[in-house]
Structures are given as C-alpha cells and as structure tokens.
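Based on the sequences and whatever the hints tell you, model everything.
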Amino acid sequence: MFPLGIYQYIIGGLIIGLGVSFVYILTGLHSTQSSFFSSTISYFSKIPYFQRKTYLESREWRLYFAASVILGALIYTLTVSPDGFWTTSVQWWRLVLGGFLVGFGTRLSSGCTSGHGISGIASLSATSLYAVITFIAVGIVTAHAMMFLGVAP
Amino acid sequence: MNNKNIILFIGGLIFGFGLAWGGMSKPEIVLSFLQLRDYGLVLLMGAATVTTFVAINIVPRFMEKPILGGEFKPRVRAFNRNTVLGAIIFGVGWGISGQCPGSALSSLGIGNLPVLIGIASMFAGAYAMGRFFGQ
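Keeping their order, the protein sequence lines are chains A and B.
Numbering follows my numbering, in which position 36 of the first sequence is assigned residue number 36; successive positions increment by one, without gaps.
Numbering follows my numbering, in which position 21 of the second sequence is assigned residue number 21; successive positions increment by one, without gaps.
One thing to keep in mind: the hints can contain errors.
Only some residues are given here: those of chain A computed to face chain B with a beta carbon under 8 Å [unchecked claim]:
id: 1; residue: Q33
id: 2; residue: S34
id: 3; residue: T54
id: 4; residue: L56
id: 5; residue: L149
Capping the alpha-carbon separation at 27 Å, the derived lysine-lysine pairs in BS3-like fashion look like this [as the list claims (entries may be wrong)]:
id: 6; chain 1: B; residue 1: K4; chain 2: B; residue 2: K65
id: 7; chain 1: A; residue 1: K53; chain 2: B; residue 2: K4
id: 8; chain 1: A; residue 1: K53; chain 2: B; residue 2: K73
id: 9; chain 1: B; residue 1: K4; chain 2: B; residue 2: K73
id: 10; chain 1: A; residue 1: K53; chain 2: B; residue 2: K65
No lab work stands behind these hints: they were computed from the structure.
Ideal Cβ placement from N, Cα and C applies to all residues, glycine included.
What follows is the structure, encoded as structure tokens:
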C-alpha cells in the first residue's frame, strides 16, 4: 500500500497543515490555492466575474502566497531533499489538457484539493465533502482509463 | 509588504515546503495514488486536514479573534450543481495530468519547469470558466 513508506506523507501533510493553521490563527484567512488564478486574472480582465469583491480583496495576498509556495518548495529542494531538482516525465499534452480542466473545474466548483480538501473538510463543510468525494472518485476513474489506454506514467 | 502579506508569505513558504516534502509536487506521485498503487496521499491529506481542523475548530475556543484582527470563520460554501460539475471536471484533469493548483506551483520550486505549461493552462481554464460561465 505504501511503497515509499508512510513518513514523507505524514510529515509533508503536517507541515502543510501547520502553514494553513499559522495563517488562519494570525489572520482568519483560509490560505487556499485555486482562487489565485481568478484573483490574478482580475488585474487584467474587466469581466464582472473577475471583478468580484472577494477577488479584488484577496488578489494581493494570494500573489504573495503563490510566490512563496514556489519558494518554499525551492527551499526544500536546496536543503533537505534527497533527490534535488527533478523533472516530470508526464507528457506535455497531458499537462496542457489536464491543466485546463483543473483550472476550469476548480473555479466552477469553488475549490480544489486545498480549498475543499483541507480547509473545507476541516471546516466540516458538507459541500466540500461532496466535492472531495467527487473529484477523488473521478480522478481515480480517469487515471485508470489513461492506464488502460496505455498512457504512462 | 504589510503584516497580512508577510504572514501569507510565511504561510506559503511552509505550505510549499510541505507539499515538496510530502511528494505532492511530483505528478507521478499523485498519479500513483489515483492509480491506487500508493495510498500515501491519503495520509498527507489526513495529516494536513487534522492539523487544520484544530486551528479552525479548537483554537477559536481559546481566542476571541485572530492575532492580527479579522474574524474566525470556517470555510463553508453553498452547495449547488456547479460544486459537483466542477469537481467532476477537476477530477478528469487531475487524473489526466496528476496536477492540482497548489501542487503545480510547488512543482516549479522543485525545478519541474515543464509544469509552467500546466500552470498557464490552469489560468486559461480559470479564465474560460469566468468568461463563459461566471455569473
């Protein structure tokens, strides 16, 4: 069940939870991820959907947050990472197609793995629970469909 | 940088560090979970959620409001058709690519430059959603 062991997952999860908790206890904000796309688009698009108050109010801190998520992973890579810099072997067309659907779907659903998954479930939100069950189930089915089509990894 | 942005910046550093440590920055590891070959991501999500559960549900019993002001308010969204429809679309994209928004950002930090086209596509998807389906 756990070919890579369990510790990296538990430690990683605890650290992620600490980051989210740190922000919440100091500011009351939910530091979730996918709104970053819509709130950043609000700098460029006049479309009313993107000019919502919630995006205008959060777009600045979401930029700082997204930049430091990248930086935090970089610090891990330069310090305790056992394998240093790393590149995926997932094909470009999967990153493009999958990325588009991820961007579209998470915004339509108002949450992703962090918004619905961590902050939503931790808030005991039934809406988030339904969303998480749905995207995990569909993700498993899709990943298996890809395998049966002979697409690897 | 005001105080709030500094806190978010530090929180993001911790979040990104944890994503990388937990392996979620690698689409291969996410895919190995969705292919049911390695259940480790359940542990990662569980550990992150339990920690956050304490911050959202227990800490406010001992503190009136957040240290820098504002209010403690759990993250609750109204349920509607889009919740499920969006989650289905997200699930398909997740299963195809092994990427989600946070993991893709952190993936850049571990040197995975090809993920840039994934992030650009996420922006395109978020734009299409707001442009054509945002009320």
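> K53/A and K73/B: Cα distance at most 27 Å?
Replying inline: holds (18 Å)
> Are K53/A and K65/B close enough, with their CA atoms no more than 27 Å apart?
Replying inline: holds (23 Å)
> Hey, does the L56/A contact hint survive, CB to chain B under 8 Å?
Replying inline: L56/A check fails; min Cβ-Cβ to chain B is 14 Å, beyond 8 Å.
> Is the hinted pair K53/A and K4/B satisfied, with a Cα-Cα distance of at most 27 Å?
Replying inline: With a Cα-Cα distance of about 18 Å, the restraint between K53/A and K4/B holds, given a limit of 27 Å.
> Does T54/A pass the interface hint, meaning its C-beta sits closer than 8 Å to a C-beta of chain B?
Replying inline: violated (11 Å)
> Does K73/B lie within 27 Å of K4/B when you go C-alpha to C-alpha?
Replying inline: holds (17 Å)
>> Check whether the Cα positions of K4/B and K65/B lie no farther apart than 27 Å.
In response: holds (15 Å)
> Given Q33/A was flagged as interface, is its beta-carbon under 8 Å from a beta-carbon of chain B?
Replying inline: holds (4 Å)
>> Please check whether L149/A passes as an interface residue: C-beta within 8 Å of a C-beta belonging to chain B.
In response: violated (11 Å)
>> For the restraint on S34/A, tell me whether the closest CB of chain B is nearer than 8 Å.
In response: holds (4 Å)
The structure does not agree with the numbered hints 3, 4 and 5 stated previously, though it agrees with the rest.
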